[in-house]
Structures are given as structure tokens and as C-alpha cells.
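Protein chains in written order, with numbering that gives the first Met the number 0: chain A, 0 to 314; chain B, 0 to 314; chain C, 0 to 651; chain D, 0 to 651.
Rather than coming from a laboratory, the hints here were simulated on the basis of the structure. All C-beta atoms, glycine included, are put in the ideal place defined by N, C-alpha and C. Worth double-checking, as some hints may not be accurate.
What the hints assert, rightly or not - The following residues of chain D were derived to be distant from chain C, with all beta-carbon distances above 10 Å:
id, residue
1, A30
2, G62
3, G138
4, G163
5, S343
6, S370
7, L444
8, R448
9, G460
10, K463
11, E498
12, R577
What the hints assert, rightly or not - Here are the computed lysine-lysine pairs in the DSS-like style, where the Cα-Cα straight-line distance is at most 25 Å:
id, chain 1, residue 1, chain 2, residue 2
13, A, K236, B, K236
14, A, K262, B, K145
15, A, K242, B, K41
16, A, K182, A, K38
17, A, K236, B, K136
18, B, K242, A, K236
19, D, K463, A, K41
20, D, K463, A, K38
21, D, K463, C, K134
22, B, K41, B, K182
23, C, K463, D, K134
24, A, K145, B, K301
25, B, K262, A, K242
26, D, K453, A, K41
Said to hold, decoys possible - Rough simulated footprint, nothing fancy, chain A against chain D, three-plus residues with beta-carbon under 8 Å:
id, stretch
27, 170-182
28, 200-213
29, 266-278
30, 292-302
31, 308-315
32, 320-326
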Amino acid sequence: MAPSLADYKTDVWVDWCPGCGDFGILAAMYKALAELQLKPEKTVIVSGIGCSGKIPHFVRVNGVHAIHGRAIPFAMGIKLANPDLTVIVNGGDGDLLGIGAGHLVALGRRNLDITVILHDNRVYGLTKGQASPTLEKNLRPKALPKPNIQDSINPIALALASGFTFVARGYTMMLDHLKELLKAAISHRGAALIDVLQPCVTYNDIHTAEYYRERVYRIEDEGWDPVVRNPVERQEKMLEALKISMEDEVRIPIGIFYQDSTKDTLEDRIARRLPSYLINPPAVQKIEDDGRPILTWEIFRKIFAAHFVESEPSL
Amino acid sequence: MAPSLADYKTDVWVDWCPGCGDFGILAAMYKALAELQLKPEKTVIVSGIGCSGKIPHFVRVNGVHAIHGRAIPFAMGIKLANPDLTVIVNGGDGDLLGIGAGHLVALGRRNLDITVILHDNRVYGLTKGQASPTLEKNLRPKALPKPNIQDSINPIALALASGFTFVARGYTMMLDHLKELLKAAISHRGAALIDVLQPCVTYNDIHTAEYYRERVYRIEDEGWDPVVRNPVERQEKMLEALKISMEDEVRIPIGIFYQDSTKDTLEDRIARRLPSYLINPPAVQKIEDDGRPILTWEIFRKIFAAHFVESEPSL
Amino acid sequence: MRWLARNLQQRIRRGIMRSEICLIVGGPQGAGLETTAQLLTISLARLRYGVISDREYFSNIVGRHSYIHLRASSREIPRSLRYPVQLIGAMDAETVFTHFQDLEPGGIIVYDSSVENKVVDSIPSMERDLVSRLKRVLGELGLDGSLKSLVNYLSREENVVVAGLNYAELITRLASRVSLPAQQASRYVSAIVYAAIAAFLGLSESSINYAIESRFRGREQIISINKLIIGEVYRLIRGRYRSPVILAPSNLNHPELMVVSGNDVVAMGKIVGGLRYQSYYPITPAADESFFIEANERITWDGSDIASIVVLQTEDEIAAISSAIGAALTGARAATCTSGPGFSLMVEALGWAGMNEVPIVITYYQRGGPSTGQPTRGSQSDLLFALHASHGEFPRIVISSGDHLEAFYDAIEAFNLAERYQMPVIHLLDKFLANTIVAMPPPSLENVRIERGKLISESSGERKRFESADLVPPRYVLGSGAITWHTGDEHDEWGHIDEDPENRERMYRRRMEKMALADQEIPDEKRLSFYGGNDADVLLIGWGSVKGAALDAIEDLREDGIKAAYMHLRILSPFPTRLFRGVVEKFDPGSAIVVEHNYMAQLALLVRMITGVNIERSIVKYTGRPIYSSELVSGVKRILAGEGRVVLTHGP
Amino acid sequence: MRWLARNLQQRIRRGIMRSEICLIVGGPQGAGLETTAQLLTISLARLRYGVISDREYFSNIVGRHSYIHLRASSREIPRSLRYPVQLIGAMDAETVFTHFQDLEPGGIIVYDSSVENKVVDSIPSMERDLVSRLKRVLGELGLDGSLKSLVNYLSREENVVVAGLNYAELITRLASRVSLPAQQASRYVSAIVYAAIAAFLGLSESSINYAIESRFRGREQIISINKLIIGEVYRLIRGRYRSPVILAPSNLNHPELMVVSGNDVVAMGKIVGGLRYQSYYPITPAADESFFIEANERITWDGSDIASIVVLQTEDEIAAISSAIGAALTGARAATCTSGPGFSLMVEALGWAGMNEVPIVITYYQRGGPSTGQPTRGSQSDLLFALHASHGEFPRIVISSGDHLEAFYDAIEAFNLAERYQMPVIHLLDKFLANTIVAMPPPSLENVRIERGKLISESSGERKRFESADLVPPRYVLGSGAITWHTGDEHDEWGHIDEDPENRERMYRRRMEKMALADQEIPDEKRLSFYGGNDADVLLIGWGSVKGAALDAIEDLREDGIKAAYMHLRILSPFPTRLFRGVVEKFDPGSAIVVEHNYMAQLALLVRMITGVNIERSIVKYTGRPIYSSELVSGVKRILAGEGRVVLTHGP
Ligand SMILES: Cc1ncc(C[n+]2csc(CCOP(=O)(O)OP(=O)(O)O)c2C)c(N)n1
Ligand SMILES: Cc1ncc(C[n+]2csc(CCOP(=O)(O)OP(=O)(O)O)c2C)c(N)n1
Ligand code: SF4
Ligand code: SF4
Ligand SMILES: [Mg+2]
Ligand SMILES: [Mg+2]
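Take these sequences, add in the hints, and give me the full structure.
Structure representation (C-alpha cells):
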């Protein structure tokens, strides 16, 4: 039977602050999963640590709530060992752009088929409101003792520079728009990042729902076509996407910035080296036969032949 | 007496492979230091681990040969504690763009006045020739058992996306050009990155001196003006710089891509919070008076007054 | 509030005052619980009561159950918490359900009568395990699971004073008097609970006003609203109930008390100790320390800057420690501050500091592990890790503080030892201490010294940073005018890479022998304290925040006729072997018990490893809640009755 | 090469053959030394000699001194190296200077006569410490520091056969015969040295040809050039010198020998054991293992793919272990492979694996620490770190292998234990083993079993991954059809976060008790081996690659009338306490000596911590060079003569 939206919910109490922007992400996720009819048992949500990191417990698909900043490498191992699984990463801005920035960059250059959902609230929620890497310089959300002295990073530009083949931004209050982005990202083959603007009602008294309401606009409404249809278009589209991403905070663009399906994924490349990889991936390969290794002595002797020295017949 | 070039050399044997591109970087460094007349005792070279990482031992300025990937945070502590020092980071492509990529991104967004010299040989030299993050997909330099399945990263684009205010590329065989880049980067106030194309004669039989000789061209020769003279120019210059950086491997641009002195450095921002910071930085502040803390009881009582509860005079 | 003095006098006459009290204030995270606790602590301190309080909370920002467990005393500065409590101040129904079993018969419950109909299994924030246990308990008592039936039962069967106030109604009524907007009104629940508790304890009007004024300093409107609400509720309680728990006037006579958490006091120590660079990556329960330091980054006196501290939030813990090392290389006293997951990431760079003899201080607040574990709960399970962290061998000093005063001095001493022996120092604390707030006499700075060891801040030319003439080499710092080299590779005296086997042996041995030097030089009394008599029947052995419970337990045991002593380990590396053996040898080997917040009894393992002494008995706790002196007392009795290992589990 | 057989027969008759030989081949890094060693090993193995060889090299790619220390035996598969050597094959002057003091009087030096005029302090690649020591030594011998004066001295005073060949000239001459371009010619120095050694040892023509053909398989031109050069030099040596070190024909009768390094053999074990995901970040001395696996990533049989292994070079070690954990969650046997600095970075994620009961294997090759330390030198200084790494408490298994055969089986067993007990397994090896190449009889696969524990690969619906009915819960893997949750936070049976104290206690205890279960179930004989008799006067105790030297030492000591035994620890966690005590109790407590490659005698600390047994005597080495059985023998004698701690330092 086709799963309904309710089938994607667990009975775990969602303990985010009332009004938290994460609720929107969760709602959009339920909808996207249901509309894509993703099999819960073949789907894995991997998360880091933070308010955002709790999300796997609320969704009735496999959940791996990993450590801070490492959701991407956890997800990478899962996906590579079993490419049959749909793997979705959720992380905070501290998680993915602070401590985990190196992995984000590395995922981009691998173009592994994983969707990364960045809960961008510009603060460290779960540790009580410190500045995150997306908080602009000189601002002082309420928990900071002094205004922020570090500059903010532009997640869209970073993702593009790193090689992500799907880069988008959503806003948690625009649920259906976000849901569509999620669906597109999950359906995209390759590394996808969605920067989700997510008000933190408890600690971020600057980037509030009102703040975004006044600024957010949809790039598709202004005619932006993010799709790379041919490798030769890549550079031009990317530069244009970068340009859009650099608009200052007066107007905040949301939508799909860049989408390139012309690049092979890491799985494709592995499959070229290991022809049975996608059919019989590592996770399900047989390694023993009645408790004995499938690598019998015969096979062992053959594959490692170069290491054997047969004794000289006789002097 | 003004130090001469020879004054910047140590008597440590330079144990790179004969012909290694690192020699060019070292030679350019000696020249740049001498021409800038940097005081050896006020200069610190911080490096990571790799062939590149050995460079501090060859230069007669202070040397901190740190751990793999962490030269930038080591340098950051040095610079922040003593902003009087000129701090130069040297690292390999594995070091700065692989394991250390997160720190590179973070330095960009801080715009701390540090110069980062990326020894870009597209392999892991000291561990015997594995693919580095700048090695393109499908290539197979001689030590790889199979062609590379990971994509390469564009250090220029990454540095720009991260917020570096000086971004350049040099080529180790063009010594004087490289030297000038080094001088400009060191003189620049803010985070500077120079991507130095550096043939590894032992492990990289693809990106050889011939390879580069045929491809390298100077962007200044084609009229590129990298200087941001006014904050409003930033976006345009940056996009153009990104565009140049994306040229494919047929032509490899070198020179200064981007230079923006209009942005405040982290030191400036700290100095606004701590007015005596630059005059009397943490490294040299007096903390004791004849073995007693300069924080006397009187001062203690005052600064922590909010924590004191005076007893009610009497009931 | 003249009624106050009158009322109190009457009660004193009636002889129902107590010299100390334990109480719990609970409510949902984010609802102002900390305000209640702060007001309470300030007013108690104002009246010269010694106070200690622990805060328990979930890894959650808003909604889950949090509580303050507080003990106030008119006789002493209390050192530990104990059960049962005499009062529960409940902001919500969950609090009553969660804690009623810890209330002393005849005690008090302040609760919200507007939620009386809540039943225990309808509260989503409560964890299933607890709900199912409570359902069983309530069922056994014949109750229907509602708050109402529970308070009735307590009132009826346990003689509890159940002070039900309709919080919402009260607030609405009072809010209208000060024209407070409805959305802001709910913030004042904490004020109501505070007022009720203050009334039951019999705190003075002036102490309450003092607390309000100092807590909300500068915000006049809030002050007056609070005064109104608090005064009103206070009167209401006074009028309606007869309190069984009035606190006797304090016998203490400190002119002032300092109200600090463990995080605060360590930060103060570091600042006094000359900290000039602090890097950190946010993590519970360490981040508040850095927050405190950042708030005090600039210190001026007589109009001029006498200290400026760079406090940097880094991109991760690797950068935190790496940059602190960099700062230390320049001669600045540098530190970083973290908890288990962060320390795990610092391990590689720690080894570089060891190899390069860099005096950095790592303030390490343990929390429940492994992995993310119980991020907001306490533990002492990282001792063996801290001692052996990082590949290869190098010396390090590990200090652990038993209470706030020790923590203050140790924070200073950590820098002195780091610079003297040129090695990393790990200051091992825990969540219990970090989040425990005390009202205590301020520390004396009289005997505080700053010792910078072989720091050389002015020099010139190339210098041998790692000269091996002495065990501890001259420390030319970057910027001193000297030119020096450093590397994580084995190196020669110049700091250049050197793989020669004889050089290796010499440099390696010199580094390791610094540990022996530290062991010789650091006075035993800084490393170990012994409390009690040599004639004790039981020797408790502990470290870190076990101290308070142990000291209280030995006193309580004495009252039960059991002579117990406590040996407190403050420096774990270099381990004070001689003194330890000296103490332990005075006792029957079977009478020693380690008391620790971990599963493995790590201190016992360490003791056996270093001294060969085999401590077989242990009392351990690893639920994440502190060891209460009350349960420690019964734990000791169980050991005396023959158990080898007692696992404590008290506390919700 | 018919001359060979004739010549050999003569020498056998003259009775100057040896049953074993030790030799050193040295030269600058990057000059083909490994080729010499490989050719030598293959030809020796072809003749059924057992071979063991260690490679020593700097952290450098080209130019610094590197050498192979090789021992070949006609009687046994040798287990350790010893000094002095009977032959030095020198590619350059530095080699002679560095090693001549280790040459047996009457031995052989093959060297390049064209560099005879080099003096010891004119060689930039030599480290200053060594040069200054050598200058003293040569000075004391009255020599002028030149190579020429040294070889003359050795020939004259030590009766050494000094075979000076003008390498450059030889090559130019031979190169012209095969029209080899001049730049390529220098590559053949390694062939010259090989040929000379083979000639001195008396290896057969056919074995030499076999070695050349198998080393250069498929590259016909190179094969023929090598044959020409090698044949020529061989004849030249045979014609000119009378060898004092001819090897007697082998008594061994293996039909074939396997030539493998430690890295190779572990890789083979992992592949046999069913490894399907290997992540790594390059690091010496671990990276070669992953290289080997990647070269064998695809295994086909009968035209179809029977195994494909994903080998991924990650961006750092954190990603390496994290992704291996991810892969293990899907049911794939997953591992990562690293050395100290990398392991230090893996510590945080290791705790997640512990908390989530994930069976991952970490192959951990120790090298010299701390920090970057001695990246290419050996050590066993990470034992206590590996045992206690990561904050919080969780069980882990730590296996360490004593030789190549153990390493092969342990690599398989690591997966079995990891899956059986659902915990991380650390396979602790070291640089010595990693880079030691042996010619050994191939392992038998007869008794190899794959045990997957409670793996559940087909299921459906939501499942309790952490069911606490048994100590080891059912392991529903991602993709099995089940829906499961995992978190590093303390969790309930479903894998959802749970902070309840009773749940905490239950889950924590269950995890820890798995360790007790493993301790009960893993047979003692897999964990500890005892060699020698109970009547021994000395009990050596060691772990890891100490084994070979210890076993050889007890044999050698027997010849000197000293009865020694060796206890080898193979599983360090769970520590085989019962058997250990059983063995140790048979001996006089003063007769036990730990033998280790570290400073602190970590095994002795561990033993004391776990078993309470106090091993006071130790023989340690921490120069980064292996323990030679020869120096171990004298170390034991020094202990018997009264020393408590002996620090070994032999080897340049
Ligand atoms: C290694 C490590 N360092 C620090 C922490 C503490 N910590 C928990 S959540 C968090 C950051 C949360 O911020 P973000 O990633 O933006 O997530 P949010 O809570 O805002 O969703 C941190 C630093 C940790 N769990 N692990
Ligand atoms: C944490 C850690 N991991 C791995 C290594 C091993 N290692 C030494 S150098 C190096 C990489 C060298 O490559 P690169 O940074 O490109 O420098 P290069 O040698 O090419 O100059 C690595 C991985 C290490 N020293 N530390
Ligand atoms: S703290 Fe902020 S991000 Fe976290 S749950 Fe609350 S509102 Fe959401
Ligand atoms: S390996 Fe490559 S990078 Fe390293 S020294 Fe040699 S040529 Fe240079
Ligand atoms: Mg965030
Ligand atoms: Mg490189």
C-alpha cells in the first residue's frame, strides 16, 4: 500500500521550541517523502548535532543521528555501501558550514547522490544562540555578549564553488515551495544542497519571519532557468547563479540556483571500475558460504599470484 | 644591518627531490623576504605536513611546522596573540584543501592578515603520490593504482567564495613573477591565498614543467585589473575573477585574481572592541607584578561586582 | 512589607524553623526557571545563608523538564545536595509528577491549580519510561493519574502542605493592574513560584527586593512589576498557609558572598591567572565559561586598559586548540575550553603541544558519554582518556577540582604548572560543577602567585628552543627577538627535524623526565587532601565533584556511628603516589572505597596502574545525576554490609 | 650461467657455507633500493630460504639514507633481525659510513669505488649527530674520514672482503652494449648491488633469472637489460672474490613461499574476511594496505564478479572512519586503516560506533610519536591510547599481531569479533610489521570462518535495534527492510534519544557487559600464547612485533644456558586475565620482564591496571628501530645481572 503522509511520522515528541522554523522543514519533508512515495525502509535521514540534528527521530524512515559536523561522511559511507538507498542529510549551519565545512566541500567534488538540507538559522541553536557561520558581521542576536566579529559565509556560493550539481535555497515559511525544492533535490542524481532559511525564534531576534517575509523573492519568478542542459553551459550558468547568490540582504533570492545533470556521479564512476557495483553493492554481497569465506584457496592463490614464489624444482 | 638574501637561509639540508617545484617556491620566498626586508625575528612561517610542510626549516625566520591541515589555525593563534608578527602559511594541496579545507574557508570569512601559500602539485607528495584534491578526475599520475575517481577543486574559486581578500596564482618556474605575488600577498592586509603550481617530479608525471609551460599565461598581460577600489566594485570584480578561474586546463591563468583592501581585517574588528589590542597585544601584556596577578583584589571585586551579594546590614 | 518581620517573629517563637532546607524548583525548559533560582539564591545569600544548587535539564531549548535542586544552610556553606527535599516549587504538572517521591512527608508543594486535571500520561514532554513507572506507582497508590488526585493524596497521607495557586488567573489579575500585555504575562510564572518559596522559607522583604533589584538591574519597569507580583503572592501565601520550613536566621557572618557557577568561577580564575587568549567552539557544559570571559574581555582600571583578552569562537575544536597553541607560542597565556566530544577532536594537536613543550591549558568539562551521550548531564568518565589521549608518549599534567574554590585556584595553578614544566595541562571538571551555583565566601587573592617558568620574552638571534642542558629548556617565544623552530617531528635542540636514534633517545627521555621532575617538585598537599581521622573504619577515595558529597557523607556517617575518612585527589598526573600510599597504608585494605561518576571506577584503575594498590570496593553512579550525600551514606552502609560494588541511581 | 653450479659445488666442498646470513643493503631513498631487496627476496625464496627484512627510511622521498636489513635462513623462516651482519651492499658512501660498525669481522662490503674519496662530513644528506659521532670514531681509528681510508682499514684490520666496483663505469660500459640512454643508466645501480650480493651468497642462476622475470613481469626490454647487467656483475664478483658467506642449500621444503609485507598480508586477510568498504586517508605506514586493496578491488572468478570492494580515499581521517561507520550500518564489512595522527582524529567517531554498537574495524599501524614524531619509524607507544581513546565508556576489542601469519588471521578475526559483539575492533599493528617483508609459507584457509553474529539482513517495519533482552541485540541493517534509528545520544531500545536515568543505567550497563561476555567467550588461546617451559628462569612478556625477537632470543639464551620463556599477548582487550595470571604465577615475580617498543612500558601498566600483577622489570626501545634478537639477548642478561630497566638503542 502506498504510504500516506501520516506514515512518515513517528510518535516521538517534537521538542523544538514552539514556532521554530524547523517545523516547516519537517512538514515539507513529510510532504516531499509522501509525494515522492519514498519507501521508508529504503530511505535514510542522516543528521549532525544541533536542533536540526534531531530530525531523524521525527521521521519514520531510517534515521542516523550522527556526530557534529560529520553527517556528510556518515551518509557517504551509507550511500557508497548501498547505492540503492535514498540518503538525505540534515544539518545546521554550524554543523555543515563550521565544523563540517571540509566535508561539504569534499561532497561537492565527489558529486555523490546525496541531498543536503542546511537548516540555516544563523545561530547555534542547541548550544544556546552563539553566532553561526552564516551570521553577518556586526550583528548581535540576543544571546551574544558582543556583536559578531566574524564574517558570514554564502552557502550557495560555497556549494557552487565546491561542485554541487544541484544548489537551491528555500524558506521554511513557504512550505510548498520548499517541498518542491526537496522533491527536486532528492530526485536529482548527484550532490544537492538546499540552504533553508529557518528562523530560530528563541535566539535569533534579527532574522525573524518578518525579516524574511519582507526580503524573500523567488528567482524563478524573475525568469531564472537553473538547468544546465549541456556541459558547455556550465560555466555561464554557474557564474550567473553565483551572481544571484551575491545579492545583498535587501532582497533574498530563493529557488533553484543551479542544476546540472550532465555530470557523472561518484557511483557512476565506481560502477565503471566495478561493473557489478550497482547490481550487487557492497552492503548485500555474499561474503561467506556456510561460514567459509567465498574466497577459497584456489581464488586466493590466483588473485595474489604475484606474491607467490614457487620453489625451484631442484638444484 | 639590512638582511641580505643569504640571511634568510638556514644550514639545514633541503631534502626535496632534485628538480622539485618546491625549490622555486623557496627561492621566491627568500627573494620576497629579502626585498620586503622582513625582520626574521618578527616573521613566522607556519606549515602543515607534507613535502611542502618542511619549508620552515629552510628559512631563517621563526618556523612552526605544525600538524597536517592545521597550519591555518596555528597561524591564527600566533597572529591574534601577536599582530605585530608577519605570519605566512605554507601547505600542500592535500593539507589546505583536503584535511584542512574547513580552516581555509574559515580564514576567508575572518579576513585575518595571514598569507597562505598553497603548494599545488596535485598529489600527496610525502605519502608517495596519491591523488590530491586538485587532481582532475580520470587522470592517473604514476603512483595511482587506478585513475582518479574524484573531481578536482578549484582553489581560486574556493578562496573567493570563502572571502579571501587577496587571491592569486603563481607558477614555481616563473620565479620573479611568483616573488612579486608573494610580496604583494604579504604586503596585503587581510587573508591572502596564492595557489602555486608546483610540479612534483617524482609522482606527478602529468602536470610537469612542460605541461605548465605550454598552458600558463599571465592575466595581467591580458589586461586584468584585480583591485577593488571601492566596496561597490566587489561583486563585479569577484564574478569576473571567478570567471577567469574557471577557464579550462587548456590555458592556465596566473597572476592576481582579486585584491580588496576595502574590507576590515579581523584585527581591526578586535581593536574596535579592545582599544589597546594593537598597541599592547596579548602576547606582550603584563600579567603579573612581582609574581602577583595584576588583577588585585580591588579590581577583582569591581569587575565581578555583579556576582557579589552583600549581606543584609542586619535583620 | 512590614508584615514580614512581624510574621517571622511569630514563627520563630513557634519553633518551627530549620537550620537548612533542600528544595526543588521545576518547570519546562525556557520558562524562567533560572530566574527563580537566581532570585532565590541572591535573596538567600543576602541573608547570609550558604547555598548550593544544581540544575538538571535535557538537551533541549524549550519545553522539556528542567529543575533546580537547591540546598540552603544557616550553619555552613553546603557542599552537596541531598534527598529528600522539604519543598517543591512546580511551574507545571510534570514537575509534581517527576519529583513528588522525593518530598519529605510534611513538606510543601507549590503548584499550579489550573492544571490539576492533567494526567500523567497526557504530557508529551515526559519520557515514556518515566511515565510508565509513574503510572505503576500512582496505580499502586490507588490514584487516577491526575495531578489533583496526587496532591490530594500527598496532603492527606503525607501531611504535605499543598499550595495550589492558579498561576494564570493570578497573573491575569496582577497584569491588569500594571497593564502588562497578555503575551508577556506568562513570563512571570517564575516570579510567582519564587515568591511562594520565599514566603514559605520566611525570607525577608528587603532580601527579596534586593534580589529583584540586582537580578533586573537597570530595568526599572520589570523591577516594579516583579515587586508587585512577588509581594502579592508572598502575602497570599503568608496569609493562607502555615509554613513547616521556615529557615532559621543564619549563623554565618560573611560580609558578602559570591554567587557563581562553576563555569563562572573557572573563568574568573583564568582571568586572574593572566589568560590572554581563549579559543573555543560552543559546547555544553563548557561554553558559558567562554561567554563569561568574552563579557570580561576588556579590563580597565583607573581609566586605562590593563588587560585585553582575545576570545575567539573558532570553526571547530581542532582550530580551537591549534590556535591556542599558536597563541601560547607567542608567550600569551592561552587556553581552550571544551567537553568530551570537543576534547576528542583536540587529541591530535594535544600531542603537538606535548612534543613542542607548549604550555597550554585545556579546561575540560566532562559530561555523559560516550559520543553525544547525555550532553547536559554530568559524568566523570573521561579520566583515563584525558590521561592517555593522543598517540605517542609525552607528559601532561591533569588537575581536577573538587569544588568552586578549588576550581578557582586550580584555574590559576594550571597556567603556572603549564609554564613551569612546559607541557599541556588539562583541567578536568564536569557538568555538575559547571552548572552548580553556590553562594560562597569570595576567594582570597592573598597567596595567588603567577609563575612564568623559563619564559624568555626578550632575546635575539637563532636560539635553541629545545636545549637539553636542563630538563626544562629556555622558552624563547615568537616575537621575543629570537629566531626559533618548532616541529611535531622528533627534532634536535634547534627544533629542526632529526631522526637520529641517539638524538631521539635523548630528546624523548628529557621530555618524559620532566614528568618525574614535576612529580618531585609539586607539593603533595596540592595534589591530595585527606579529610577525617586515621582511625576511620572506611576510607572513601574520590576526585572532582565527588568531594562535596563525600565530605558531607563522612559527617553524616559519623552521626550514625560510622567513622569515615575521605581522600581527595586533585592532581591526577603526576599522581601523588607516595602520599597516596602513605594514606592508604594506614587503613585496612578492605576498607577503601572509590566513589566516582563512571561505570568502570576509573580512579581505582588508575590507582592500581600507578601505585599497585588494589582498591576493590566502589560506589559508582552513571545516570548523569549528581551523587547525593544521602545516597552516598546508604551506599557506604551497603558496602559495610558486604557489597563490593554499589551503583547509585537516585535523582530524576 | 653454467659456471654457477660448478662454482657452488666447489665452495660447499671447502666448507665455508652458512646456514643463515644477515645483510644490509643501503642507499639513498629513491635510488632503487626496494628493487634490490625484492630481487634478493624473490631469488632467496625461489631457493626455499626463509627471509625476513626490515626497511628503514627517513620521512623523505629522495636522497636520505635508507636501508634494508635482511636475514635469510636455510633452516627456518626467520622471525627477527639480528646484528652483526655479514654483508653490506652499499649504493653510496653514506651507507658504508652508517653501517660499517655493524659488520662482522671477516664479512663483505660491496661499495662504489668511484666515491672512495668522499669524506664523512661532506655528505649533506647525513644528519649532523651521526656525522659528529662518526668523526670521533674514525678519528679514534686514526682514519682521515674518507671512504677509502675506511674500507682499507676494514680490509686490513677486520679482514673484511671489500668489493669496490666502479658503478658509474660499469654501467656506462654495459649501457653502451644495450644502447641504454645515459639518464636511464643510473637506475641500474640497484641491479649491480643485487648481482654482487647474489654472487657472494652463491644464489643460483635460475633463481636470479626467476627473480628478474617476476619482478619485471611483462617488461621484456627491462628484463633483458637486467639480465645482462646482473649476469656480468655476478661473473665479475665470482671471478674476483672468494666469498666467506655462501648460503648452504635450504633444508626447508615448502613447494612455494609467499613474499609479503605486513601491509600486504593484512590487506589479504581483510579481503578474505569479506571487507567490502575500506576508507582511508593516506598516511605512513598504513597507506600501502589501502593501495593493495584498491589494486584488488574487483575480484572475478569464472568470468563473474564475486566481490567488489569500494576503496575510498577520503578528505581526512574523520571522514574515513565516519564513512566506514556508515558503510557498516548497511551490513557491509567496513574498515579503515591509519596510523597515530589519523587515529587521533578518529577518536570522536569511534565513540559513536561504541555507542551505536557498530562493528567497524580500524587497522592501526603505530609509528613513532608523539605528534608527527618519527613518521617512518616504528613504535608501540599507542597501546594505552587505543584502549582509552574517546570520551565516555564503551567496550572495544583490541587485537595486536605478532607476525605476518597472526596478522593475516587477526585481520579476519577482527571482523568476526566486531560483528559478534557489535563493537569497534582496533587491530593494532606497527611500522615494523607493516614494512617487514617475509618469505613465508602461505597461510591455510582451512580453518578460516566468517561469523556474522546477529546480522539481520532481511526484515520489515520498525525495529528495536537496541533491544535489551540479550546483551548483544539483533542487528537490523540499513536496507534490510527494517526501519531503525541510531543516535550518539543515550537512547532507548528503538534508538531514540532517552535521558531517563533508569534507561540510562540499563543501556549503559548492557553495553559494558558485552565486554564481560566477550571476555568469557573468546578462547584464551586466541588471546595469549606461551612459548617455552614452566621451568624457565626468565619470563619475557610482550605484544605485537616484539614476538619474533623474543622467540629468537629465548632460543639464543638457551644456548647460553639461560632458560627463558615468552608470553605473547594477542588480544589486549578483553585482557586474558585468568590465563595471564595462571602463567605468571608459575614464575618467580622478579623473573618477569616486559619487552616493548615504548618508553613507559605500557604493557606493564596495563597488566598492573587489569590484573594487579606488578611486572617491575622492563626492556624497552624507543629509537624507532626494531628490537634485534641479538640486543634483546644482552638486555636479558643485563636484567639478570641486576638492572631493573634496560633501554635498547641499537640500529642506525
Ligand atoms: C564536536 C562537538 N562540538 C560541539 C558540540 C556542541 N554542539 C551541539 S549542537 C552545536 C551547534 C548547533 O548549531 P547548528 O549546527 O547551527 O545547529 P542548530 O542547533 O542551529 O540547528 C554544537 C556546537 C558537539 N555536539 N560536538
Ligand atoms: C592527520 C594526518 N593524516 C595523514 C598524515 C600523513 N601525511 C603526511 S603528508 C600528507 C599529505 C601530503 O600531501 P600535500 O598536503 O599535498 O603535501 P605535499 O607533500 O604534496 O607537499 C599526509 C596525508 C599526517 N601526517 N597526519
Ligand atoms: S533554539 Fe532555535 S533552532 Fe533550536 S528549536 Fe528553538 S527555535 Fe528552533
Ligand atoms: S615528492 Fe614531489 S613534491 Fe615531494 S619533494 Fe619530491 S618532487 Fe617535491
Ligand atoms: Mg544553526
Ligand atoms: Mg601536494
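Quick rundown of the hints versus the structure:
1. A30: holds, 18 Å
2. G62: Non-interface label stands for D:G62: nearest chain C Cβ at 13 Å, farther than 10 Å.
3. G138: Nearest chain C Cβ is 18 Å from D:G138, so the label holds.
4. G163: holds, 28 Å
5. S343: Since the minimum Cβ distance to chain C is about 4 Å, D:S343 lies within 10 Å and the statement is violated.
6. S370: violated, 3 Å
7. L444: Non-interface label on D:L444 holds, nearest chain C Cβ at 34 Å vs cutoff 10 Å.
8. R448: holds, 30 Å
9. G460: Since the minimum Cβ distance to chain C is about 19 Å, D:G460 lies beyond 10 Å and the statement holds.
10. K463: Non-interface label on D:K463 holds, nearest chain C Cβ at 13 Å vs cutoff 10 Å.
11. E498: violated, 6 Å
12. R577: Holds: least Cβ distance 17 Å, greater than 10 Å.
13. A:K236 to B:K236: Judged against 25 Å, a Cα distance of about 17 Å means the pair holds.
14. A:K262 to B:K145: holds, 20 Å
15. A:K242 to B:K41: Outside the cut-off at roughly 40 Å; violated.
16. A:K182 to A:K38: OK: A:K182 and A:K38 at ~14 Å, within 25 Å.
17. A:K236 to B:K136: Distance ~21 Å between A:K236 and B:K136 Cα, so the pair holds.
18. B:K242 to A:K236: holds, 11 Å
19. D:K463 to A:K41: holds, 17 Å
20. D:K463 to A:K38: Holds: D:K463 and A:K38 sit about 19 Å apart, inside 25 Å.
21. D:K463 to C:K134: Holds. D:K463 to C:K134 sits at ~23 Å (cutoff 25 Å).
22. B:K41 to B:K182: Distance ~16 Å between B:K41 and B:K182 Cα, so the pair holds.
23. C:K463 to D:K134: Distance of about 23 Å is within 25 Å: holds.
24. A:K145 to B:K301: Holds, at about 20 Å.
25. B:K262 to A:K242: holds, 20 Å
26. D:K453 to A:K41: holds, 21 Å
27. 170-182: Since 0 is below three, the answer is violated.
28. 200-213: It holds: at least three residues are needed, and the stretch 200-213 of chain D offers 5 whose Cβ sits within less than 8 Å of chain A.
29. 266-278: n = 8 at 8 Å, threshold three: holds.
30. 292-302: holds (count 5)
31. 308-315: holds (count 6)
32. 320-326: holds (count 6)
Hints 5, 6, 11, 15, 27, counting from the list given before, are not met by this structure.
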